[in-house]
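Starting from the given sequences, assemble the full structure and let the hints guide the process.
Single-letter residue listing:
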Amino acid sequence: MQLFLQQAVNGLMLGGMFTLMSIGLSLMFGVMRVANFAYGALYMLGGYAAFWASNLLGVPNSIAIVVAFAAAFLMGVVMEQVGFSRFRGNEEATLIFGLGVALIARGGAVLAWGSQTRFIPVSFDTFRFGGMVLPASRFWAAVASLLIVGLVYLVVNRTRWGRIIRAVADNPERAALAGFNTKFQYLLTAGLATGLAGVAAVMLVPVFSLSPAVDDSALYTAMTVVILGGLGSIPGCVVGGFLLGIITAFSYGYLPSPIAPAVPLLLLIVTLALKPEGLFGSKDRVV
Amino acid sequence: MSDTSILTLTNVESRIAGALKLAGISIEVKKGELVSILGANGAGKTSLLGIIAGLYKPSAGTVRLEGMSITGLPPYRIARKGIGFAPQNHPIFNSLSVAETLELGRPNTQIDVESLFPNIAAKRHMRAASLSGGERQMLSMAIALQNDPKICIFDEPSSGLAPKIVSQVFEAIKRMVEAGITVLMVEQNARAALRFADRAYVMEHGKIIASGLAGDLANDDQIRRAYLGM
Numbered sequence: 001m002q003l004f005l006q007q008a009v010n011g012l013m014l015g016g017m018f019t020l021m022s023i024g025l026s027l028m029f030g031v032m033r034v035a036n037f038a039y040g041a042l043y044m045l046g047g048y049a050a051f052w053a054s055n056l057l058g059v060p061n062s063i064a065i066v067v068a069f070a071a072a073f074l075m076g077v078v079m080e081q082v083g084f085s086r087f088r089g090n091e092e093a094t095l096i097f098g099l100g101v102a103l104i105a106r107g108g109a110v111l112a113w114g115s116q117t118r119f120i121p122v123s124f125d126t127f128r129f130g131g132m133v134l135p136a137s138r139f140w141a142a143v144a145s146l147l148i149v150g151l152v153y154l155v156v157n158r159t160r161w162g163r164i165i166r167a168v169a170d171n172p173e174r175a176a177l178a179g180f181n182t183k184f185q186y187l188l189t190a191g192l193a194t195g196l197a198g199v200a201a202v203m204l205v206p207v208f209s210l211s212p213a214v215d216d217s218a219l220y221t222a223m224t225v226v227i228l229g230g231l232g233s234i235p236g237c238v239v240g241g242f243l244l245g246i247i248t249a250f251s252y253g254y255l256p257s258p259i260a261p262a263v264p265l266l267l268l269i270v271t272l273a274l275k276p277e278g279l280f281g282s283k284d285r286v287v
Numbered sequence: 288m289s290d291t292s293i294l295t296l297t298n299v300e301s302r303i304a305g306a307l308k309l310a311g312i313s314i315e316v317k318k319g320e321l322v323s324i325l326g327a328n329g330a331g332k333t334s335l336l337g338i339i340a341g342l343y344k345p346s347a348g349t350v351r352l353e354g355m356s357i358t359g360l361p362p363y364r365i366a367r368k369g370i371g372f373a374p375q376n377h378p379i380f381n382s383l384s385v386a387e388t389l390e391l392g393r394p395n396t397q398i399d400v401e402s403l404f405p406n407i408a409a410k411r412h413m414r415a416a417s418l419s420g421g422e423r424q425m426l427s428m429a430i431a432l433q434n435d436p437k438i439c440i441f442d443e444p445s446s447g448l449a450p451k452i453v454s455q456v457f458e459a460i461k462r463m464v465e466a467g468i469t470v471l472m473v474e475q476n477a478r479a480a481l482r483f484a485d486r487a488y489v490m491e492h493g494k495i496i497a498s499g500l501a502g503d504l505a506n507d508d509q510i511r512r513a514y515l516g517m
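Heads up: the protein sequence lines correspond to chains Y and A, in order.
Position 207 of the first sequence, counting from 1, maps to 207 under my numbering, and the rest follow consecutively.
Whatever position you read off the second sequence (first residue = 1), add 287 for my numbering.
For the record, the hints were derived by calculation from the structure and aren't laboratory data.
Treat each hint with caution, since some may be false.
As the list claims (entries may be wrong) - Cross-link-like lysine-lysine pairs, in silico, DSS-like; alpha carbons within 27 Å at most:
(1) Y:Lys183 with A:Lys437
(2) Y:Lys183 with A:Lys317
(3) A:Lys344 with Y:Lys183
(4) A:Lys437 with A:Lys494
(5) A:Lys461 with A:Lys317
(6) A:Lys410 with A:Lys368
(7) A:Lys308 with A:Lys461
(8) A:Lys437 with A:Lys318
(9) A:Lys461 with A:Lys437
The structure presented is a predicted model; accordingly, all values stated were derived computationally and were not measured.
As structure tokens, this is what we get:
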């Protein structure tokens, strides 16, 4: 019972972090119908920005977040301007462009910072209650993740800009005829979405770790979450994040370690087979 | 109605793959007027509205709004300059609620949109996707009315609607004009269009073949035979 409760709490914390890791990818697909395969690379670059800021420059996390957001925002804007806007509607070209950027980013990261794994020093404090142990760094990362995801939800659903980007996502031509500059809205959305990957990196790299290869695991995690929850759906992303977090935690808690990593993938395959649009996706947004 | 020109098209021409689709189109809409463009399917009416709204670029000619050229500008800039457009088949934003759609732009100061379209005002909290065809048309027209446009353009507002809804839509257009809003409307329902319009243009094969006061056109034997089925 103790192990069950501990893994449930671990799963909830992991779920919050997975949600944050995926929210930008979900937003980008929801508004722009772009599956950004460079998303993991942007997360990785945001992580290095955080590493620089905290380890080398000694700045507080609040500044590191701004630096990582700005760096990833700029990358997203450049990618939209140079690639995604030209390939809109051409899914193959979009996919290849994203993969190409990811390869360049990973190669560049190896050249710039080497391939070794880096760690950002974190507090080893723990919270204890009812016999359970909660590492403070994971707990605060999960709380911050939920706050950020909640803020994104409010911006998208409760602000005028949120209404505009949803209108643009819904019907770009109609939105343009109503006076909205769709190109500018796409740029802003791409910047915000990739900026969130940078913010996620600042919050999560201290918990996980950082190396140029982290882009793959970040992309797979984010893709799994948004496919589970439904492409482009923010509530779906939250549900998908927690589902993946809880299943991952229980798999590692109860199954032999060679089998545990396969369980989330199995969940993904079952979802694709039974409900390809995801839990909260609509039929016209099939993966 | 005044003599001030709101929208002026001069010798607008459009070619697609070298073939002439619109030839020498010249149209004027004055402040406060309701002007109709009539014509059979394929006459080029919707293409012409697409050029005015910036969806297509003309191969020749100019489009002016209050004397300023808007020829070839992107649609969002043309909309911001003061053209409210409700396209054919009433496209709206399905994922937004009716209230969110009504709050996308500034409310119209010449007419209260919610009293103009009580059907959609009563469904403020519903998803736009759940609206009927007639309600979608009304919501599309409400979008066109946002931000106090200098002219509203409606493409086939009665298309695909039940007769009862068609009369509500035309009644709403009449009230807009009474409130001083300038309207250009493309319509296949020539009888209704000529009843409500001040003036009309008749298009055939990409050309204007007749124009004048709506009452005069309604009494023209050739127009009556070709478009009114008399």
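Results of checking the hints against the structure:
no. : hint                   : verdict
1   : Y:Lys183 with A:Lys437 : holds, 25 Å
2   : Y:Lys183 with A:Lys317 : violated, 33 Å
3   : A:Lys344 with Y:Lys183 : holds, 18 Å
4   : A:Lys437 with A:Lys494 : holds, 26 Å
5   : A:Lys461 with A:Lys317 : holds, 16 Å
6   : A:Lys410 with A:Lys368 : violated, 30 Å
7   : A:Lys308 with A:Lys461 : violated, 31 Å
8   : A:Lys437 with A:Lys318 : holds, 8 Å
9   : A:Lys461 with A:Lys437 : holds, 16 Å
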